[in-house]
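Spelled out, the chains give:
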Amino acid sequence: MSADPWTWIAAILTLAVFSFLYKENPFYRFAEHLFVGVANGYAITFYWHRVLVPSLINPVASGEKLWLIAVAVIGALYFTRFIPKISWLVRIPIAVMLGYFSGAYIPRAIDAQILQQLRATIVTRSMFGNWQFGLWAVIIALGVIATITYFFFSAEQKGILKPVSRIGIIFIMVGFGASFGYTVMARISLFIGRLQFLLGDWLGLIH
Amino acid sequence: MKFWDRLLRIDRRWLYAIIWLVVMIPLLFPFKIKPMAMPPVTRLFNYIDTMPEDKTLVISVDYTPDIQPELHPMCIALLRHAFANHRKVGLLTLQVMGLGLGEAAIRQVTEEFNSRATTHEDSIINGEDYVYWGWTTPIITILLGMGERITNVFPVDYYGHRTDSLPIMAQLKNYDDIGIVVSIAGSSIPISWVNFANTQFGVPIGCGATAVSAADYYPYLNSGQFTGMMAGMKGAAEYEQLVADKFDELGIRWELRRKGTEAMSSQTAAHIAIMIFIIIGNIAFFITRRRKK
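The listed protein sequences derive, respectively, from chains A and B.
Per the working numbering, the first sequence starts with residue 1, numbered consecutively.
Per the working numbering, the second sequence starts with residue 1001, numbered consecutively.
I should point out that these hints are in silico values taken from the structure, not numbers from a laboratory.
All C-beta atoms, glycine included, are put in the ideal place defined by N, C-alpha and C.
Heads up, some of the hints might be wrong.
Unchecked claim - Among chain A residues calculated to face chain B with C-beta under 10 angstroms, some are: (1) Y42; (2) Y47; (3) L161; (4) P163; (5) S179.
Stated by the list, open to error - Footprint (simulated), chain B over chain A, 3 or more residues, beta carbon under 8 angstroms: (6) 59-70; (7) 80-91; (8) 101-113; (9) 149-157.
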């Protein structure tokens, strides 16, 4: 059994969280609130020491980049949200952030997440050099067309649209099944991780 | 009340208790499972194994403590593989909560190697063989900035050293010097790496994903935007097995813990139990529905 007091604290908090499986109780609530507080405190500390101090306070204090004061003032306008009379000023930093991130993100996202994904659905003759690749390429192309047809709401789903959208539903259901299977695996993995800690690091029963 | 009705109304706490036992017993009395590496994991392993010696492996520790059991074994396995293969490693995190996890991983693996090292060449030295840049924000600025000059994005490393004074950084200026970036994450950060580092700069991207995210990432694997992928704890176990085989090939006979592999017997038992639950639940549902009709 561990002699490390931090291991004991972690183990007791783990058991406190697991106690929720029986029913809601003060131990669970204590652990939950403690976690939220610690996580926020941790994040704020690092934002201060790793972002604000090296990127703003030090360069301004040394007189190297005094223009950063203007940027800091714009950023500080976020806090005007708490002063009703001038709360409209919050739109300025939001506009700057939206403009920057939209400009930086949208063109690349269109390329990476639409154009390159579309390209990956194109079936070419070279894919049939290996019959398995060819078969999967055809299935993927059919699946994409059928699934998009299912989400085509501009026309009533009858005639050719009906059987194709039905095939689309099958692809969607297979996708849901895969996601559910993976989700089960993920949740069990997290539980295993905690048991490895409780049985190994804390109780010393597994090595 | 009939048996099947009673079964449908069973208190879920009994199911929790069963799952608890089903997971715990194989951890205490494991049965041996040798993970078979699937193509996405093998592709990632082979790429890192055969990438040019002057290229650096970058691991982006983009996960948080709540998903550590799934993803931390991946990080450990990647570091063991890189150091056994004498590859240089750069670590960073785009999640502030990942800072401590990255440090714990690099500390564990360097201790494993350095405690057995007999010469300076065998040792893993901070600043020479690896660098831990730490964390900064925002993500887009980092991903674009690393394409120009890494030392501008991370002027100091996690330990407070100036990065431009570190020997490893002399040959590690920007994406041109990086062989592959492996983003280990439980969020959409690997897609950000694809959007910026891969699409704009052509850097190969590997992914270590939680099992929950894996289904969303397969299209990126199919399109070649991900070079390879490890999905969940099973993916970690597969990579651990490939690294163990590599250690055998290199004549390294160390007894190292492989947490992903250790978990596979519990994982298998839990999956069987849940499949049985689903089958029994469906049988009970259909029998009671027919009776009501």
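Against the structure, the hints:
1. Y42: A:Y42 check passes; min Cβ-Cβ to chain B is 7 angstroms, inside 10 angstroms.
2. Y47: holds, 7 angstroms
3. L161: violated, 24 angstroms
4. P163: At 25 angstroms from the nearest chain B Cβ, A:P163 fails the 10 angstroms test, so the hint is violated.
5. S179: holds, 4 angstroms
6. 59-70: violated (count 0)
7. 80-91: The restraint on the region 80-91 of chain A is violated, since only 0 of its residues have a Cβ under 8 angstroms from chain B and three are required.
8. 101-113: Held - the region 101-113 of chain A has 8 residues with a Cβ nearer than 8 angstroms to chain B, which meets the minimum of three.
9. 149-157: violated (count 0)
Of the numbered hints stated above, those contradicted by the structure are hints 3, 4, 6, 7, 9, listed in ascending order.
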